[in-house]
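The hints should help you fit chain R onto chain L, whose structure is shown.
2 protein chains.
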Amino acid sequence: MDFKKILEAYQKKVDKEISAFMSKKEKEGKQISEECGEMARLLKEFAERPGKRIRPVLVVFGYKACGGENEKEILKASIAIELIHAYLLIHDDVMDKSETRRGQPAFHKEYEEIYSKKYGKGKEWNAISASVIAGDIIEAFAAQAIAETEFDSEKKSGFMTKLNEINANTGYGQLLDMELEIKKDASEENVELVHLLKTAKYTIEGPLLLGAILAGANKKQVKELSNYAIPVGKAFQMQDDILGVFGSEEKTGKPVDSDLKEGKKTHLVIKAMENGNKEEQEILLAAIGNPELTKEEFEKTKEIIKKTKALDYTKEKAKTYAQEGMKSLKKSSLNIKGREFLEGMARYILEREL
Amino acid sequence: MDFKKILEAYQKKVDKEISAFMSKKEKEGKQISEECGEMARLLKEFAERPGKRIRPVLVVFGYKACGGENEKEILKASIAIELIHAYLLIHDDVMDKSETRRGQPAFHKEYEEIYSKKYGKGKEWNAISASVIAGDIIEAFAAQAIAETEFDSEKKSGFMTKLNEINANTGYGQLLDMELEIKKDASEENVELVHLLKTAKYTIEGPLLLGAILAGANKKQVKELSNYAIPVGKAFQMQDDILGVFGSEEKTGKPVDSDLKEGKKTHLVIKAMENGNKEEQEILLAAIGNPELTKEEFEKTKEIIKKTKALDYTKEKAKTYAQEGMKSLKKSSLNIKGREFLEGMARYILEREL
Numbered sequence: 001m002d003f004k005k006i007l008e009a010y011q012k013k014v015d016k017e018i019s020a021f022m023s024k025k026e027k028e029g030k031q032i033s034e035e036c037g038e039m040a041r042l043l044k045e046f047a048e049r050p051g052k053r054i055r056p057v058l059v060v061f062g063y064k065a066c067g068g069e070n071e072k073e074i075l076k077a078s079i080a081i082e083l084i085h086a087y088l089l090i091h092d093d094v095m096d097k098s099e100t101r102r103g104q105p106a107f108h109k110e111y112e113e114i115y116s117k118k119y120g121k122g123k124e125w126n127a128i129s130a131s132v133i134a135g136d137i138i139e140a141f142a143a144q145a146i147a148e149t150e151f152d153s154e155k156k157s158g159f160m161t162k163l164n165e166i167n168a169n170t171g172y173g174q175l176l177d178m179e180l181e182i183k184k185d186a187s188e189e190n191v192e193l194v195h196l197l198k199t200a201k202y203t204i205e206g207p208l209l210l211g212a213i214l215a216g217a218n219k220k221q222v223k224e225l226s227n228y229a230i231p232v233g234k235a236f237q238m239q240d241d242i243l244g245v246f247g248s249e250e251k252t253g254k255p256v257d258s259d260l261k262e263g264k265k266t267h268l269v270i271k272a273m274e275n276g277n278k279e280e281q282e283i284l285l286a287a288i289g290n291p292e293l294t295k296e297e298f299e300k301t302k303e304i305i306k307k308t309k310a311l312d313y314t315k316e317k318a319k320t321y322a323q324e325g326m327k328s329l330k331k332s333s334l335n336i337k338g339r340e341f342l343e344g345m346a347r348y349i350l351e352r353e354l
Numbered sequence: 001m002d003f004k005k006i007l008e009a010y011q012k013k014v015d016k017e018i019s020a021f022m023s024k025k026e027k028e029g030k031q032i033s034e035e036c037g038e039m040a041r042l043l044k045e046f047a048e049r050p051g052k053r054i055r056p057v058l059v060v061f062g063y064k065a066c067g068g069e070n071e072k073e074i075l076k077a078s079i080a081i082e083l084i085h086a087y088l089l090i091h092d093d094v095m096d097k098s099e100t101r102r103g104q105p106a107f108h109k110e111y112e113e114i115y116s117k118k119y120g121k122g123k124e125w126n127a128i129s130a131s132v133i134a135g136d137i138i139e140a141f142a143a144q145a146i147a148e149t150e151f152d153s154e155k156k157s158g159f160m161t162k163l164n165e166i167n168a169n170t171g172y173g174q175l176l177d178m179e180l181e182i183k184k185d186a187s188e189e190n191v192e193l194v195h196l197l198k199t200a201k202y203t204i205e206g207p208l209l210l211g212a213i214l215a216g217a218n219k220k221q222v223k224e225l226s227n228y229a230i231p232v233g234k235a236f237q238m239q240d241d242i243l244g245v246f247g248s249e250e251k252t253g254k255p256v257d258s259d260l261k262e263g264k265k266t267h268l269v270i271k272a273m274e275n276g277n278k279e280e281q282e283i284l285l286a287a288i289g290n291p292e293l294t295k296e297e298f299e300k301t302k303e304i305i306k307k308t309k310a311l312d313y314t315k316e317k318a319k320t321y322a323q324e325g326m327k328s329l330k331k332s333s334l335n336i337k338g339r340e341f342l343e344g345m346a347r348y349i350l351e352r353e354l
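Protein chains in written order, with my numbering: chain L, 1 to 354; chain R, 1 to 354.
Next comes chain L alone, as it looks inside the complex (with noise of 0.2 Å):
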């Protein structure tokens, strides 16, 4: 079976195990008032809306990788990083006043909704704040996921501190991409740092060491697993960048031209800045962070991008990442059954169509 297939059968199953938890936690919120019952109902909703699940899936593969085999505790354990995932998402969408996430509205614009229907206009900022606290209570609530699980107590805590290390990551990562986007002058280097902490270590290798700790992995497969996750993680936000501006909405599920919009500082901006000639590079000052960005200036900015190498460039760079993903893999002493969904996952990146 490949990659694809085995990811969206596992998808399936992570959406039970999601299910299943948040309607246990719509129950809890009920009992203590009609308020926090609908808090919970939201997040329910907003946990169960459509999603790759390559996090938790990854949780499962890292556990299978380093030979664990309770599948049925491994899939509860989970939808903890989905939930952590799920906290994220809505406070970045609080902080970068998105409307819609995952084809609905945002968080907080579903709270704007409710609260103007409940208590009249003008409540925009309590939405914000609704949904402040929103990500605070889903993030509490991947500790219990974790906590409701047959793993033992070592296991259990070992799972809890990593998780925390990741959360904490995570935010420095979000932090350096917000001042990224406000600097004119990000770095190469910068842009690295960025993805090492958002993509390759949130994403990819965060995961895989989740299932590692509750497989009960010895240190040279918890390296093996690093080895492999940093430079795919790498690659796949690489290949991110190139999806969020020559993609289709369609298959991003947002605007092609938002990462522009937004200022994202990304390889092929930081290279097509580097190696256009000075109108070139005026074009793109005046087009990246430009929220009134037009069609003309998006289209020819894409081929900027393209003229100065910077997509090639990019790709190249995407591709040898994985390549030394895959390479590291292959030397490994890990599992069969988790080895061959990594190698296959590493192979969908080199193959991708973009």
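Note that these hints are calculated values from the structure, not bench results.
Incorrect hints may have been included.
If chains are identical, the list can't say which one is meant, so a pair holds when it fits in one copy or spans any two.
Unchecked claim - Computed list of lysine-lysine pairs in DSSO-like fashion (alpha-carbon distance at most 27 Å, straight line):
| # | residue 1 | residue 2 |
| --- | --- | --- |
| 1 | K72 | K162 |
| 2 | K44 | K183 |
| 3 | K315 | K4 |
| 4 | K123 | K184 |
| 5 | K223 | K24 |
| 6 | K4 | K327 |
| 7 | K109 | K97 |
| 8 | K97 | K121 |
| 9 | K30 | K162 |
| 10 | K123 | K183 |
| 11 | K12 | K155 |
| 12 | K183 | K254 |
| 13 | K121 | K184 |
| 14 | K118 | K261 |
| 15 | K97 | K123 |
| 16 | K302 | K117 |
| 17 | K76 | K155 |
| 18 | K319 | K5 |
| 19 | K4 | K72 |
All of these numbers come straight from a predicted model, not from anything done at the bench.
Same frame as chain L, now just chain R:
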């Protein structure tokens, strides 16, 4: 030794642990990047601002009350709840748009200053975002603080589970409190529920039970601590509400009219509304939640709260609750080393001058 002196002695011990822990975090942040080092430094300074440290001290005495004897380790563990408190304060100040905290600028105000120096004017929203992230980061530090102690995994895991249960409940309390401020028709039942979640559970019972978990307490001890903590916590909140209107800025650290201006729903305002005549009710309705409240209107409101016996009612209710907690404690099997402090605290609440 009396309660206040013991509290002060332990405040100092807790302060030392906070500084030691946050110094390590500052170093770690600096190793990632300049921006992360700046964030970590601000978080350290924020955590070090003088505070009552009632929560960590209660962790220590919950532990002692259940026979715990490793003071060195319990002090290290106790700071987790103070880091959680810092996280909630940072997020609360964002939500309330507060200017100051503990006599210094609110966290987002500090970032506003920093960003305006680094990136020019107009970066208020980035400062808000940085503060949401800051809260998320220091929340993650709490788990790291407990992970670093020498308690066994079972205790650490139980502690983390409880801590996150407290977090979720406090979030719900915060949500309710905010919605009560919007509503005109809050009931005494609503107010009591907020007090239960935001004070009795978060400030008193939660910390005591965290300490109990680390002492390996039995069910009876846990129940005895709860029986003490819940009524005493409610009494504590009611006294705080009284001080929030009739106290001095010097003692409470916030303007004496801020509770009323924010529209905080307390027994004082609920009872005054209930017992007041039409004219008095109109004055109260105009005053509560009015950010433009004049000194004259404030004084008039205080008079009504007294005249309608709402002040006497609240004082009496607080006294009854504190006595209930005290009575429970006297019948309990809890260890004298922790009990003395808890008795002192209940007595302090009973005798506190208002």
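Going down the list of hints, with the structure as the test:
| no. | hint | verdict |
| --- | --- | --- |
| 1 | K72 - K162 | both (21 Å within a copy, 24 Å between copies) |
| 2 | K44 - K183 | between (37 Å within a copy, 25 Å between copies) |
| 3 | K315 - K4 | within (21 Å within a copy, 65 Å between copies) |
| 4 | K123 - K184 | between (35 Å within a copy, 15 Å between copies) |
| 5 | K223 - K24 | between (37 Å within a copy, 25 Å between copies) |
| 6 | K4 - K327 | within (21 Å within a copy, 63 Å between copies) |
| 7 | K109 - K97 | both (9 Å within a copy, 20 Å between copies) |
| 8 | K97 - K121 | both (18 Å within a copy, 19 Å between copies) |
| 9 | K30 - K162 | between (31 Å within a copy, 20 Å between copies) |
| 10 | K123 - K183 | between (32 Å within a copy, 12 Å between copies) |
| 11 | K12 - K155 | within (25 Å within a copy, 34 Å between copies) |
| 12 | K183 - K254 | within (24 Å within a copy, 37 Å between copies) |
| 13 | K121 - K184 | between (38 Å within a copy, 15 Å between copies) |
| 14 | K118 - K261 | between (34 Å within a copy, 22 Å between copies) |
| 15 | K97 - K123 | both (15 Å within a copy, 14 Å between copies) |
| 16 | K302 - K117 | neither (43 Å within a copy, 33 Å between copies) |
| 17 | K76 - K155 | both (14 Å within a copy, 22 Å between copies) |
| 18 | K319 - K5 | within (22 Å within a copy, 65 Å between copies) |
| 19 | K4 - K72 | within (21 Å within a copy, 52 Å between copies) |
In this structure, the one hint that does not hold is number 16.
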